Structures are given as structure tokens and as C-alpha cells.
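Those sequence lines, one after another, are chains U and C. With the numbering used here applied, the first sequence corresponds to residues 893 to 1080, in that order. With the numbering used here applied, the second sequence corresponds to residues 398 to 628, in that order.
If you're looking for bench data, these hints aren't it; they were derived computationally from the structure. No false leads were mixed into what you were given.
Partial selection, computed: residues in chain U whose CB lies under 8 Å from chain C: (1) Gln907; (2) His955; (3) Trp966; (4) Ala1041; (5) Tyr1057.
Simulated pairs of lysine to any residue, SDA-like, Cα-Cα distance not exceeding 25 Å: (6) U:Lys981 to U:Pro1016; (7) U:Lys981 to C:Pro625; (8) U:Lys1029 to C:Ile403; (9) U:Lys1050 to C:Arg506; (10) C:Lys544 to C:Ala459; (11) U:Lys1029 to C:Thr413; (12) U:Lys1029 to U:Val1046; (13) C:Lys544 to C:Trp489.
Since this is a predicted model, take the numbers as computed values, not measurements. Using N, Cα and C, we set each Cβ at its ideal position, and we do this for glycine too.
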Amino acid sequence: MHSESELEILMARYQQGDHAAATALIHRLSPQLHRFFLVQFTGREDADDLLQETWLRIHEVRHTYRTGEPVLPWFYAIARHIRVDHYRKALRTTGREQALEETPEPAAPTASGRSANLEEMLAPLPASQREVIEMLKIAGMSLEEVARATSSTVGSVKQKAHRAYAALRERLSGMAIGEGRAGVVGER
Amino acid sequence: MRDREIDTILDQAARTPHDVDPALLDRIADSVGRSFAAVRPVRPAWVLGTALILICAAAAVAFAALIGFYGIRKLSGWERALVFPVLAILVWLAATTRVAEVTPGSRRRVSPESLLAVVTLALLAVFAILFHDYHTHHFLGGVACLKAGLLDAIPAALASWLLVRRGFAVNSVASGMVAGTLAGLAGVVMLELHCPNFEALHVLLWHTSVVPSAAAAGALLEWLRGLPARA
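Could you put the whole structure together from the sequences, leaning on the hints where they help?
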């Protein structure tokens, strides 16, 4: 997590042509942007490519950031645009059916394993809910910032988060009951 | 399973460090560093919004001046007091949405689709309240109004595109739709200044349809513009 004002200062220096500020931003924000791509069912190699593409686009349009505006929504809006573009291209090249076949089966998260893999845990959620949860809970953005990044309203973000939690609750409770039963059978 | 437990799991996941290959980060820093220069940030949103409103007003007044201010002369005082403030509010809403559409991560008051719906319904409501002549003597001649409205929308759209061309639209089709909505509104303002035909069906259909037609044209143009990149 980085303080917003620190990122704002780096961004302003980046716009003024400070290469060290650009490098600092790349090193600070890349891990969370990379994770954002991974959560969306992208393989590690694809996530690497998307990250690179995102930074090139960020560099191209860095003048569109206005000082004083929240920084993270600006970065995430561009990253999201790159991801959506990539997804559309993948659909066109491989065909819808094939793309669906290649989508990894949602792995069952373990309710007891608290450090369950994040990508696996969010796998059953629709993409729009996954990205909202990733931004809210992993990137630590506020509802307002997520709304800005996803070009939607706070109400819509709240609704997606609520639905995502309902789906996760149901799934994880089911897993806990399943594990409990397995434990009882095992004891017998 | 409670929400708090889900929060705990997600918190733990958030705290788990996620590393990216340092060589990749160096490659990114290198490629970014190859073309490095200071840039001038885009102008403040209120400056761009005000400029867009002025462009719309100028396009509408200039076109109406060319073909005559017959409509505004025929409108009564209270009709003018209702139509033009409503149009001003709609133009302001469309202008601020247009600026937001070309600024990544900015706050949206309405989505492009909602904007189009709000503008269309507001125009229909105002026209339905104001005009009660249900004759259809000159109904088919209304095509000329649609054409004139769209013709006026073209310079408004071009000028507004020039103004915000340094922006970056994360959704180009939606951005085109908003640009069309705004330009279409300039066309409607022009028609209210010019058109003396106050038959209800004429105004409801031909004047209002300038906005969705321009919005559809804007979205289509942006979609076509993106075709080479998608191919």
C-alpha cells in the first residue's frame, strides 16, 4: 500500500520528465497491477505482457492525469482497458468456444486453508465482481476510487461487492460443511 | 461463513507479497525511458466543460443565424423560459460527461447510455408539456428538421473533438456516443431557435430524434475507427 499523496508527487514528477519517478512508479505499482491481471484468469505470461502493454500505454497518455485527482483509479482504468482489449482480441483469435474451453476450471478453495490462493478463491465470480473485489480488498481502494476506475457509480460497485460476498459466502460455507462431513467420516 | 471471515481471508491474501520478475520491471523502465520528455497535463475539467458548452452554443446560434431565428420569435415567454434552461442543463450534463469520458479514472455522473436516455426523455417531456397542436399537416416535412439538426451537429462534433483530442477514452465507442449526444443537443438548440413548426408530433419526433441519431452516428464512427486496430 502506498500513500496517495506520495503517488501523486511521483506522478507529477513523471509528467515533468523525471525518469527516476517513472522507475519508482513502475516498481511500486507493477506488483498490484500484475495481480489484477492474474485475478482475471490470465496466465502469468499473459499477465507479464499485459503489464508491459499497460505501462507503455500509461507512458503514452501520462498527460491525461490531472494533479490532485486520485492516482490509483487512473492507473487501474488504463489497466482495465488493456485487459478488456486483450480479452476481446483473444475471443476473436481463438473463437468463443475455444476461449471458454481454455478458461481454467474454478478450483475449490479450502475454507480451512485461510491463505487459500486468491485467484482460486475468486475464480467462481463473474469478471466484473472479481475486479471489484480485487480493487477493494487487495489494492485497498475506496468505493469511490473503484467506481472511477471502472467508469461506474458507487452504487453499482456496492452492488457488485455485495453480490460477490454473497457468492463467496455460499461457496465457502459449502466447502466448510463438506470438509466437516469428510472429517466426521474420516474419524469413523 | 460470515463476511468478517471472508474479509480475513482476503486481507491475508492482500498481505501476501506478490513479486514480479525484476528483469521485466527493468525492461519496462527501459522501454518507457526511450521516449522520455516532460508533458503538459490536460486542462482542468471545468475549463474543457465550459469550452464544450460554448462550442455547442456557438454552433447552434451560428447555424440558426444563417437560416433564421423564426422559432424563438414564435415561442412565448414562458415557453422560452422552459425550453432553453432545460436544454442548457442537458448540454452541461453532456459536456461534463464528455470530459469524463476522455479522462481515465474520472468521476462519472451518468453512464453514456443513461445520458442518452435522460436527454431523450427530458426533451420528450418538455416538448409534450409545451406543444399541444396535434395536427400533422407538415409532419413529413419534418425530415428537413432532422437533416438540419444533424448538419449542425457535424461542426459541433468536430470542434469538440479538436478540443478534447489530447484525452484518452478507455471506451471509445461509449465516448463516441457521448460526443454524438452532445453534438445532437447543439442541433436541437438550433432547431428550437429556428423551427416555427410547433405541431406536437413534429417536435416530438423530428426534433428529439436528432439526439439519438447523432449519438448512434458517434458510436458507429468510433467503432469503425477502431476496426483497423482490432483486425
